[in-house]
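Asker: Work out the full structure: start from the sequences and follow the hints.
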Amino acid sequence: MQLKRPPSALHLGLMAASCALLSPAARVQAADSVEQPFELDSALLYYKENSGRVQTIEPVVSLKKDFGDQRILGGTFTVDSLSGATPNGALPSRKPQTFASPSSTSLIPQPGKKTTLYTIVPGNLPQDPHFKEQRFAGDADWSQPLGLDNTLSFGGHASTEHDFDSLSVHTDYSRDFNEKNTTLSAGVSEEYDQIHAHGGNPVPGSDYELYEHEGGQTKTVSGALIGVTQIMARNWLMDLNYTYDHSEGYLTDPYRILSVLDPLGSVTGYRYENRPDSRGRQGLYWVNKVAFGTTVLDVSYRRGKDSWGIGSDTVDAHLRIDLGRGVYLEPHLRWYHQSAADFYDLYLSAATPAPQFMSADPRLAAFIGTTAGLKLGVTIGRYGEMSLRLEEYEQRPSDQSSALPQLQGLNLNPNLTATIAQLSWRLQF
Amino acid sequence: MSTAARMAVAAPSAPDFQIAVRGDALTAVCFTAMASPCEVLLETADMQEVAELARAAAHEAWRIERKFSRYREDSVVSEINRSEGNPVAVDQETAALIDYAAQCHALSEGRFDVTSGVLRGCWRFDGSDRVPEVAAVARLLPLIGFEKLQWRSPQITVPPGMEVDFGGFGKEYAVDRVLAILCTQFPGAVLVNFGGDLASNCAPTQAPWQVGVERPGTDREARLLLEFSRGGLATSGDTHRFLERNGTRYGHILDVRTGWPVPLVPRSVTVAAGSCVEAGMLATFAMLQGRGAEDFLEAQGVRYWSLR
Amino acid sequence: MRVRLPLRVLIGWITTLSLCGCQTVGIKPWQHDILARPAMSLVSDPMAAAIDDHIYFSKEAASGGRNFGGGGCGCN
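Protein chains in written order, with our numbering: chain L, 1 to 429; chain W, 1 to 308; chain A, 1 to 76.
To be clear, the hints were calculated from the coordinates, so they are not data collected in a lab.
A portion of the hints provided could be inaccurate.
Said to hold, decoys possible - With a Cα cut of at most 20 Å, we get these calculated EDC-like pairs of lysine to aspartate or glutamate:
(1) L:K219 to L:D149
(2) W:K67 to L:D66
(3) L:K114 to L:E39
(4) W:K67 to L:D316
(5) L:K305 to A:D53
(6) L:K48 to A:D53
(7) L:K65 to W:D16
(8) W:K67 to L:E385
(9) L:K113 to L:D128
(10) L:K375 to A:D53
(11) L:K65 to L:E49
(12) L:K375 to L:D306
Answerer: Here it is, written out as structure tokens:
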């Protein structure tokens with residue numbers, strides 16, 4: 001125990017400096033760096049496919065409020081304006097073909113109903129040029145902690161367009177273990193949709209010219225997800241999710257038809273497609289995020305399988321390169337492969353009876369999809385960020401030609417290319 | 001397009017705090033901040049009251065960490081260190097910390113320097129024998145020197161290649177601020193302890209705070225038991241971070257004038273003073289004196305404990 | 001050339017890889033500095049992720065995986 005002496009000059013100086021540092025004046029000003037509770041996220045998407053096909057402009061606005069303690073309320077609003085030509089499922093032919101727009105409407109003028117027809121030049125892929133749709137969607141979600149290591153969240157979604165309405169809810173629960181190095185999560189969701197095509201829902205599998213229709217249809221989708229997130233190292237985070245969903249109801253696309261061809265490949269008629277009324281889908285999704293200094297690599301692999309016989313593999317990688325001063329560049333590469341659905345066919349043969357299920361929808365065909373893009377992000381002030389991303393997506397189907405004489409030299413399922421441009425703005429306040 | 005589910009597969013790094021009861025009139029709030037286990041002891045058994053105070057304490061600690069941590073991209077310190085010679089306007093709190101750094105630099109005759117962080121580039125105190133080359137250290141000296149900064153409140157200009165870091169007193173500052181905030185909302189006794197840096201407003205009604213200061217020696221734990229009533233208590237230690245080569249031990253307290261470790265630094269110095277920043281800075285000044293640490297503290301007329 | 005692995009085997013393998021030694025794998029609470037960066041969160045750009053999910057949902061047969069699709073649209 002030392003004897004106390006009067007404070008030295010240095011000590012007095014230090015006491016004064018310490019008092020000044022801790023004085024109320026300095027204290028009060030600390031309030032200007034209080035947690036920013038609101039986060040506004042907005043984006044404008046421009047999507048355009050080749051050959052006059054679908055294009056869309058889609059503004060999205062999302063607002064989140066943090067009530068403190070990880071209690072977060074979020075809401076998103078989206079408007080999707082689509083237009084352009086969309087393939088109707090029929091094959092190109094050596095002769096001109098005439099269809100009704102959309103395919104669910106009748107070729108023959110019906111009393112009191114408007115009929116629009118379009119004719120396809122020989123050799124071209126039949127596409128409905130009058131496709132126009134506007135979709136409004138809203139989401140709301142709430143997330144909060146439950147005790148010390150648990151989080152509960154739930155949310156809902158509603159969307160509406162001329163021919164489709166959707167309503168869904170979901171809830172998720174997650175728990176941290178192992179000093180927050182491991183997080184296990186589980187969730188379920190339920191979706192209810194109503195499909196009412198322009199001109200009425202065609203009877204699936206029926207003859208296109210007979211115009212047999214049925215009333216409004218519905219479908220439900222139930223989903224479940226389990227996942228584990230694991231911190232592997234100070235700079236490496238890993239996430240593994242398994243998802244399963246089951247759809248039940250009207251799963252057919254009311255606007256798609258198939259060409260019925262004779263053995264030479266000439267068109268004898270068309271049929272509406274017919275898909276099974278149930279579908280089970282499984283997915284395994286594995287993500288890794290690794291930081292190398294200020295550069296971050298995000299690479300994921302997803303394997304999918306469903307009861308329609310479609311298997312898929314997706315590899316997706318983003319590399320975020322920090323250029324300093326709040327600017328970053330992020331190249332993106334994605335590779336996707338899917339196998340065709342069991343009931344997918346380019347066309348139906350007039351010689352054989354129609355199968356139970358059939359579809360010529362290119363989205364159920366076997367193809368490889370590749371995406372390459374670049375994003376540039378810039379920090380604005382202390383709480384904002386703007387970014388621009390430009391990407392090219394290309395789909396290359398594996399089945400593009402046929403041996404049938406009339407179809408020689410015709411591209412039956414052309415490649416699809418699309419440009420994706422997105423401008424985003426994020427602000428915290 | 002719901003993104004809510006992603007919150008369930010959430011970042012596991014969301015911080016939180018725990019509340020535990022210690023004895024019949026003492027509650028402890030525990031959390032992690034600034035790479036240390038933090039605890040706040042309150043003389044009360046009212047859990048409702050504690051929950052509110054706990055939130056205030058933890059959030060203040062995390063706020064300071066978020067704002068001044070050199071590890072965080074979005075901190076004020078990172079913003080200043082990224083400025084590449086351009087002036088940066090800072091707010092009043094940051095200005096107060098820079099002023100304090102300036103005064104401590106002057107009071108310590110240049111030994112205490114918040115720009116010394118660049119020496120991390122050649123000194124890695126991991127217990128190995130990888131002592132840097134003299135030339136490598138000499139190359140960094142031009143990038144050190146608080147006097148080379150241009151500080152005219154509220155603008156600070158850090159020349160390219162130089163950096164500032166408040167790690168030398170950031171934790172002590174957080175301790176004092178958390179104590180100040182709690183004192184405005186709680187009438188009883190409070191002890192704030194962030195990894196060994198303490199501050200208290202007054203002793204509990206029963207008896208003074210019993211504080212054990214860990215001071216690991218080479219072959220025994222020389223634990224210091226103190227009775228602590230009010231003020232600040234801080235410990236500066238040299239035991240874990242060092243290099244050893246050819247029998248010479250290089251401690252991690254560096255003399256910024258040469259770029260080399262201060263020789264003959266005590267293993268541990270604990271100082272009691274009016275506030276935690278004051279105690280911490282006295283302990284740091286003492287370590288910077290090396291051989292003369294104890295004489296220095298004697299001359300200041302403060303209560304201290306040192307271990308060699 | 002593609003390696004075809006039954007889904008069940010793949011789940012087992014990857015899960016074991018992530019969960020085994022999960023008591024020893026991990027970091028201390030004060031080592032969260034890098035992971036605390038916004039760029040290191042699992043979904044660092046929720047807007048782009050949601051927009052991409054929607055684009056690929058309407059152009060491909062597989063969908064989601066990361067979270068729930070949050071409702072459908074008439075496009076698939």
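Asker: Where does the structure disagree with the numbered hints, that is, which hint numbers, in rising order?
Answerer: 1, 3, 4, 11 and 12
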